[in-house]
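A.B. asks: Given chain P, work out where chain W should sit, using these hints.
Chains as they are written, first to last, in my numbering: chain P, 1 to 397; chain W, 1001 to 1397.
Hints in this document: simulated from the structure, not taken from any laboratory. Note that the Cβ used here is the ideal one computed from N, Cα and C, for glycine as well. Treat the hints loosely; a few may be bogus.
Said to hold, decoys possible - No farther apart than 25 angstroms at their CA atoms in a straight line, the calculated lysine-lysine pairs in the PhoX-like style are these:
no.	chain 1	residue 1	chain 2	residue 2
1	P	K54	W	K1160
2	W	K1151	W	K1173
3	W	K1254	W	K1151
4	P	K160	P	K133
5	P	K254	W	K1054
6	P	K173	P	K192
7	W	K1151	W	K1248
8	P	K248	W	K1151
9	P	K54	W	K1324
10	W	K1133	W	K1170
11	P	K254	P	K160
12	W	K1160	W	K1173
13	W	K1041	W	K1133
14	P	K254	W	K1041
15	W	K1133	W	K1173
16	W	K1228	W	K1160
17	P	K133	P	K192
18	W	K1054	P	K324
19	W	K1254	W	K1324
20	W	K1192	W	K1248
21	W	K1254	P	K54
22	W	K1054	W	K1133
23	P	K41	W	K1254
24	W	K1229	W	K1248
As the list claims (entries may be wrong) - Here are the in silico distance ranges between beta carbons for each label pair:
no.	chain 1	residue 1	chain 2	residue 2	range
25	P	R280	W	E1058	39 to 47 angstroms
26	P	L130	W	S1299	38 to 46 angstroms
27	W	G1202	P	D294	17 to 25 angstroms
28	W	S1224	P	N345	58 to 66 angstroms
29	P	S281	W	A1300	54 to 62 angstroms
30	W	A1253	P	G134	50 to 58 angstroms
2 protein chains.
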Amino acid sequence: MPGRSCPLARRYSRKRQKRSLNDYDFELDRVLSWLRDEGAKRVLIEAPEGLKQKIVAEVLPALSSYTVFMSSKPFHGACEVGDEEAGSLGVDHVIHFGHLQMVARRFPALYVPAYYDFDPSPSFAELDILLAKGGRNIAVAASVQYLRALKPISEHLSEKGFNVMVENGKRTKAPAQILGCDYFALTSLAGKADQFLIVTAGDFHALGAVFALNRELLQLDPYSLSWKKLDPTALRSWVIGESYAWTKLEDAAKVGVIVGTEPGQRFLWEAEQAAAELRRSGKHVDIISASNLDPAQLSALPYDVLILAACPRLPYDDADSFSKPVVSVFSVLFGRPLGLRGWLNGNDLTVKSKQSSGIVEQGFSVKRVEKYSTVRDPVVQAHGSPLPYRFKRLSKC
Amino acid sequence: MPGRSCPLARRYSRKRQKRSLNDYDFELDRVLSWLRDEGAKRVLIEAPEGLKQKIVAEVLPALSSYTVFMSSKPFHGACEVGDEEAGSLGVDHVIHFGHLQMVARRFPALYVPAYYDFDPSPSFAELDILLAKGGRNIAVAASVQYLRALKPISEHLSEKGFNVMVENGKRTKAPAQILGCDYFALTSLAGKADQFLIVTAGDFHALGAVFALNRELLQLDPYSLSWKKLDPTALRSWVIGESYAWTKLEDAAKVGVIVGTEPGQRFLWEAEQAAAELRRSGKHVDIISASNLDPAQLSALPYDVLILAACPRLPYDDADSFSKPVVSVFSVLFGRPLGLRGWLNGNDLTVKSKQSSGIVEQGFSVKRVEKYSTVRDPVVQAHGSPLPYRFKRLSKC
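Here chain P stands alone, though its shape is the one from the complex (with noise of 0.2 angstroms):
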């Protein structure tokens, strides 16, 4: 039967075949039985805001014998977790909507991916004429919510004699998961696969797929159906705004370090050590720590270049709600504009592992290593910045 050995076929399947198509899967029988199960009483329900309203008007009517709290945090990520509003409520339990579970929590926490349930079969045709020319090795991936879509979408392709293959990320819980910050799921597969493929919506985590594998993808978007070829052409904006930023952090006198305190964008050890090398480079270096990042505010604050080590799609994704010239903590950790690369790539920092800041990070951290890094970035040695850098000492002020 084909598309039986598919690793992904057992593991995606929807259980409840008479669930609507288009829908987001809330998954309320599961999470009923497990409050009931765990004898919850007072309850706080995360969600990111693109599901917020769902949740309103479809979970929480179902949970009114629970005391229910509705979080009106936004968590972008699995990174970030209501542990100090659970505290601060009384809450027993929680329930996560709308990602897998990535840090350790304080409370008792079912995570519910909130699948969309789609049938991807009428792309099927497009995709077959956009597989036609490259080889025969396809790896798949898919963010969270749909993750389900790629058991029919391998099935076929195992029907049309692709082998279909199949990684793990390193942040993640699935199979074949990405996310904003971890694409090893696909860039593991860089020297084995022929064509990557991916499910997901929106720009989010289709330009940093393409970001990290610094190759050619496709996409299929699960509301249109419809596949997009993206090549890292795509990312010029990224390529052109943090070499600008770079260059204002060379002449900068003035520098704070943005570090963020969910636990999954707490990239500490990274800040403590980035603030040293630039101090060392005769700067003068904050470290401001922010649990909500609000780029107005930060952008205000007295510095000529903010250095952020938080979410790391931040000083490529949304450097343009700064008003102030944005570097990545892993720029400045590996000498040149685009260091993100390096990180979701795993590979070496340039700058020497010093000391640790005794902070154990609940994510995933860089390399923490001795020794010096070789890795040259094509994306900027295309558009000319010197490697490796250095920063200019300063005289002291």
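C.D. replies: Leaving out everything else, chain W in the frame of chain P:
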């Protein structure tokens, strides 16, 4: 010697007479000796938005022998703490600028009020004229930054033969101190003082004081050194705003109760009581928790009206930031608009206390009594709102 008996004389005398006037006193000597005595290593700095720039410029450079993190949280009041960030960053000590301590902390914390030193004497001629027609008993108060000015003002008043009256607040640390949510230093003198005098900048504390007292008072602006006479007509937008929202609440089918989770803004018992009361009226009610209150984001939730059980001033000062009608949780509990005044005066609730959430509030709370209040609000009566108000029972959806 005139003014010697003034209770404020010793408390708010400036020890370091050499300090320049018209500046904030960050008490660097006290900060440094506290950090040294405590053996601090990693320090979190907390400061309200208005002081952050000066703290970065004047305080952080003096702390270069410590690993310092400057929190980007806004710290609107002593009600907000950075304990979650402190824990996330592995900090051992906290310095909080701009307030006196209100709530318990999880870390050793030094509160530095950042007193603003200025000479109020150029304003005394105007003050004498303004006070001339009233009685001799003068209640004085100030928001924390300007408490030191009460000493020379009180000395001047004593010299002129006035009787200076000083009281304590309930959430405050210092005599004669007012907060945005605590005017007991003034209201507890309502039956005794003839005239009321406050020193504070801007409208925030001044409007709150007029609202709590519901009578005329004099405000000295420390920057312009001019006196302003304020009376309850200044609160017209508060009265009209919440009265309008109240009529919307009457017809609302879906209500969101927003409960703050910052320790001094967590009116959890009140939120749960209000939710229960509104549900008894047949409305659908959800409780939304908010550590960071974003009016635009909260307004986007699918509710007809929002009940705010966070910073008590939010439904009044920031009503315009919400695109939905907002009502104070205290108004729901008192059964009429402008319920905040009842809370600010420690009045009994109209809603019966039936159960407690089991969470101990770290601030103080309305009295949890079993009797109904007979309080009538003259401002609301003047505007013709029906009193006491009961919610119309809606048919179940």
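A.B. asks: Indicate, hint by hint, whether the structure satisfies it.
C.D. replies: Tested hints:
no.	hint	verdict
1	K54(P) - K1160(W)	violated (67 angstroms)
2	K1151(W) - K1173(W)	holds (17 angstroms)
3	K1254(W) - K1151(W)	violated (52 angstroms)
4	K160(P) - K133(P)	holds (14 angstroms)
5	K254(P) - K1054(W)	holds (14 angstroms)
6	K173(P) - K192(P)	holds (22 angstroms)
7	K1151(W) - K1248(W)	violated (47 angstroms)
8	K248(P) - K1151(W)	violated (49 angstroms)
9	K54(P) - K1324(W)	holds (19 angstroms)
10	K1133(W) - K1170(W)	violated (31 angstroms)
11	K254(P) - K160(P)	violated (58 angstroms)
12	K1160(W) - K1173(W)	violated (29 angstroms)
13	K1041(W) - K1133(W)	violated (57 angstroms)
14	K254(P) - K1041(W)	holds (23 angstroms)
15	K1133(W) - K1173(W)	violated (33 angstroms)
16	K1228(W) - K1160(W)	holds (20 angstroms)
17	K133(P) - K192(P)	holds (17 angstroms)
18	K1054(W) - K324(P)	holds (19 angstroms)
19	K1254(W) - K1324(W)	holds (12 angstroms)
20	K1192(W) - K1248(W)	violated (39 angstroms)
21	K1254(W) - K54(P)	holds (14 angstroms)
22	K1054(W) - K1133(W)	violated (42 angstroms)
23	K41(P) - K1254(W)	holds (23 angstroms)
24	K1229(W) - K1248(W)	violated (34 angstroms)
25	R280(P) - E1058(W): 39 to 47 angstroms	violated (25 angstroms)
26	L130(P) - S1299(W): 38 to 46 angstroms	holds (43 angstroms)
27	G1202(W) - D294(P): 17 to 25 angstroms	holds (22 angstroms)
28	S1224(W) - N345(P): 58 to 66 angstroms	holds (59 angstroms)
29	S281(P) - A1300(W): 54 to 62 angstroms	violated (44 angstroms)
30	A1253(W) - G134(P): 50 to 58 angstroms	holds (55 angstroms)
Hints 1, 3, 7, 8, 10, 11, 12, 13, 15, 20, 22, 24, 25, 29, counting from the list given before, are not met by this structure.
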